[in-house]
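With chain R held as given, fit chain U onto it using these hints.
Here's the letter readout for the chains.
Protein chains: 2
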Amino acid sequence: MGKLAIGIDIGGTTTKFGVVDAEGNILEQDRISTTKYEDVNLFINDLDSKLTPMIQRNGGVTNFIGIGVGAPNGNYYSGTIEYAPNLNWKGIVPIAELIHKKIGLPTKLTNDANAAAVGEMQYGYAKGIKHFICITLGTGVGSGIVIDGKIVLGHDGFAGELGHTIIRKGGRFHKGTGSHGCLESYASATGVRETAFEFLAEDPTQESLLRNYTTEELTSQTVYECASKGDVIAKKVFEFTGEILGEALANFVMFSSPEMIVLFGGLTKAGDLLMKPTKASMEANLIQIFKNKVKIVFSNLHESDAAILGASALVWE
Amino acid sequence: MGKLAIGIDIGGTTTKFGVVDAEGNILEQDRISTTKYEDVNLFINDLDSKLTPMIQRNGGVTNFIGIGVGAPNGNYYSGTIEYAPNLNWKGIVPIAELIHKKIGLPTKLTNDANAAAVGEMQYGYAKGIKHFICITLGTGVGSGIVIDGKIVLGHDGFAGELGHTIIRKGGRFHKGTGSHGCLESYASATGVRETAFEFLAEDPTQESLLRNYTTEELTSQTVYECASKGDVIAKKVFEFTGEILGEALANFVMFSSPEMIVLFGGLTKAGDLLMKPTKASMEANLIQIFKNKVKIVFSNLHESDAAILGASALVWE
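Protein sequence lines, in the order shown, are assigned to chains R and U. Taking our numbering, the leading residue of the first sequence gets 4, the next gets one more, and so forth. Taking our numbering, the leading residue of the second sequence gets 4, the next gets one more, and so forth.
Bound-form chain R, shown alone (with noise of 0.2 Å):
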């Protein structure tokens, strides 16, 4: 009988992995891209050559007693991606199965938010906390819901796609589903660089430090730079983006009244300056009974680790 868990956490840009033991340490781990891949074998393959000696370093598979998978659209009851709009692959990939046959380990699958919900519960500040919401602010906007200490999958596996909630009514394109006005195209690293690029246009003669990067060099990564240095634009930008986040929020809230929003991902390296608009936007949006109650928070784990740990909590459950 093993003792051992694989964590996979598939994200939109990169897929992390990783050895875990019972007690939640991380003994090694190592990543792939995921957005090189056109075929999902090709990726399976890739992550086998990595994986593999991994798990030969650490006692072969007998050491072992399986592999958790969080991946975006995953669903825990099928082990299939569905339809995901951040990934190559289209259509229903049986990711689950496609491990478990390559690695030989049993596999279980859950969204990737999910995980790091999970993650969050175990080991950061949702510790004892039976009702949160854990928002990721990545590549795309993900989202794990707990109530009464338990993710909330829905009828069908695939609950929790909050960054595909209606914010702005025609607002922004998606072109991932081809929606307009989701979350997901604001508050995510995408989104807040269109942010930027919408604000340097409409007010093409205020300065900017923003104007010194060239359209691939200008990411959120830049704009929380040159926010931090005072610019104007850069810093209307995440007031921006903190507006609509705490709007959603406030509408999420209203829905299950968690006592802890957990945010979680890049974006949150922008610290006061998205977490102020947030929390202002969500409270002046909340009606009276949900008023100053709900804590905000950016979680404290190390984005992957979380991400891993969540996913590889799966296969003790």
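Hint data in this document are derived by calculation from the structure and do not stem from the laboratory. Among the clues, some could well be false.
The list makes no distinction among identical chains, and a pair is therefore deemed to hold if it is satisfied within one copy or across any two copies.
Unchecked claim - Computed list of lysine-lysine pairs in BS3-like fashion (alpha-carbon distance at most 30 Å, straight line): (1) Lys279 with Lys172; (2) Lys298 with Lys93; (3) Lys172 with Lys6; (4) Lys294 with Lys93; (5) Lys93 with Lys53; (6) Lys294 with Lys153; (7) Lys93 with Lys296; (8) Lys93 with Lys104; (9) Lys104 with Lys39; (10) Lys178 with Lys294; (11) Lys298 with Lys6; (12) Lys53 with Lys6; (13) Lys105 with Lys93.
What follows is chain U alone, placed relative to chain R:
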């Protein structure tokens, strides 16, 4: 040991109550106004003057286990109605305690829409369904959310205030809360009436049966009757209402992925005039993984029955 329960449904306009047996038969029922009483103590007095004789006729207090109450912003944990925008009684009202002291039976409270959802789960279309959302379209818009067969209460007992989620940024003003563009300001009886006035004003040369009514006379019922006769503006009112409701439902589906949405309350009398645009709009706003999966149904329970039954079910928990 008693065998009967009292179910009380405190609605925005009317309070309905009845004697219920363990099989879900309503042995007797009655109603009083909710709006008439500025002081909650006068409300309790009148409720008692109807309820106590009703209890006497059914074997006296010793024949009853307790009282279950559904009310707007009713809190299961504290037994208080808190800051209900649609009621005269402001602040925090200890309604369960007031009723308990007056009638002498143990009293439990929940949100009125949660009570309706429990009624649907036990006696309606949602029987046997583990994941569904019940939306009440009455004077206001309430909601009861069921996940894994349990009402979602949230960390403080206030979960499921979907009528107050913002669906149109900067939209119609809501008198009760001061918010702009919440679902309740459009998809309630009050909202339908307001939409009718707006459409009549926007299109002053368009003939409409609705113009035959005074401001007082024009209600959601009038709009329904005119729409049934083919009135262009009245039909447009329901199309608009359904469009907004459908957008909101799509957002809710992407939160908890329910198998079914049960619509309940006065507005559902509009039948296909409301159902068709609601379904079309919901489907148009869902991402691929949720499309053509979620049933929307109108409750088949008699309105006051479901609310009384649902409230009484609190007693048997």
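To see whether the hints hold, each was checked on the structure:
1. In the homo-oligomer, the alpha carbons of Lys279 and Lys172 lie at most 30 Å apart both inside one protomer (25 Å) and across protomers (20 Å), since each shortest distance falls under that limit.
2. For the identical chains of this complex, Lys298 and Lys93 are inter-copy neighbours only, at 26 Å across copies versus 37 Å inside a copy, given an alpha-carbon limit of 30 Å.
3. Within a single copy, Lys172 and Lys6 get their C-alpha atoms no closer than 50 Å, and across copies no closer than 52 Å, so neither meets the 30 Å cut-off.
4. Proximity of Lys294 and Lys93 under a CA criterion of 30 Å is satisfied inter-copy only: 16 Å between copies versus 42 Å inside one chain copy.
5. For the identical chains of this complex, Lys93 and Lys53 are intra-copy neighbours only, at 24 Å inside a copy versus 63 Å across copies, given an alpha-carbon limit of 30 Å.
6. When the C-alpha separation of Lys294 and Lys153 is checked against a cutoff of 30 Å, the pair qualifies both within a copy, at 25 Å, and between copies, at 25 Å.
7. Taking the shortest alpha-carbon separations for Lys93 and Lys296, only the inter-copy value of 20 Å comes in at or below 30 Å, while the best intra-copy value is 41 Å.
8. For a Cα distance limit of 30 Å, the shortest separation of Lys93 from Lys104 inside one copy, 21 Å, qualifies, whereas the shortest one across copies, 62 Å, does not.
9. For the identical chains of this complex, Lys104 and Lys39 are intra-copy neighbours only, at 22 Å inside a copy versus 69 Å across copies, given an alpha-carbon limit of 30 Å.
10. Taking the shortest alpha-carbon separations for Lys178 and Lys294, only the inter-copy value of 18 Å comes in at or below 30 Å, while the best intra-copy value is 35 Å.
11. Taking the shortest alpha-carbon separations for Lys298 and Lys6, neither the intra-copy value of 36 Å nor the inter-copy value of 44 Å comes in at or below 30 Å.
12. For the identical chains of this complex, Lys53 and Lys6 are intra-copy neighbours only, at 20 Å inside a copy versus 66 Å across copies, given an alpha-carbon limit of 30 Å.
13. In this homomeric assembly, Lys105 and Lys93 come within 30 Å of each other (Cα to Cα) only inside a single copy, at 21 Å, whereas the closest approach across copies is 63 Å.
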